[in-house]
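Asker: Sequence:
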Amino acid sequence: MSEKNESKRIGAKKHKNSGRNTKKGDATWVNFTIDFKENSKSFTLNQDVWAKATTDAIRNGNDPAIVVVLGEGNKKTRLAIIELELLEQMVNNGTK
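In this text, residue positions in the sequence shown follow the numbering used here: the first is 2, and each later residue adds one.
Simulated from the structure, these hints should not be mistaken for laboratory data. Predicted model only: the values in this text are computed from it and were never measured. Among the hints, a few may not be true.
[Unchecked claim] For lysine-lysine, the following DSSO-like pairs were computed, each having C-alpha atoms within a straight-line distance of at most 30 Å:
hint: 1; residue 1: LYS77; residue 2: LYS24
hint: 2; residue 1: LYS14; residue 2: LYS53
hint: 3; residue 1: LYS38; residue 2: LYS9
hint: 4; residue 1: LYS17; residue 2: LYS77
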């Protein structure tokens, strides 16, 4: 996986240098600042990882999201991590 390919796959705008410049995070998609994480078998989410994603999103004026890609080759599982409150808002606004 490359952040470029994953960004393109969902239609997100990739940030130059993976957010090392003024635009933080790996990409922007709709109202999300996305941080892509890839590993063949596992990904550890902890408060520090989420805090960085949240800080980057706030700096961009967006909501935070972490996209986790697990697996290798053609067998990949893609997951998105967002705040529960945001998911509840999406459900309550008719995206059931």
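Asker: Holds or violated: LYS38 with LYS9, Cα cutoff 30 Å?
Answerer: Within the cut-off at roughly 15 Å; holds.
Asker: Quickly compare the C-alpha distance for LYS17 and LYS77 to 30 Å and report which way the hint goes.
Answerer: Cα-Cα ~25 Å, so holds.
Asker: Within a Cα-Cα threshold of 30 Å, do LYS14 and LYS53 meet the stated pairing?
Answerer: holds, 19 Å
Asker: Holds or violated: are the alpha carbons of LYS77 and LYS24 at most 30 Å from each other?
Answerer: Distance ~28 Å between LYS77 and LYS24 Cα, so the pair holds.
Hint check: no violations occur; every hint is consistent with the structure.
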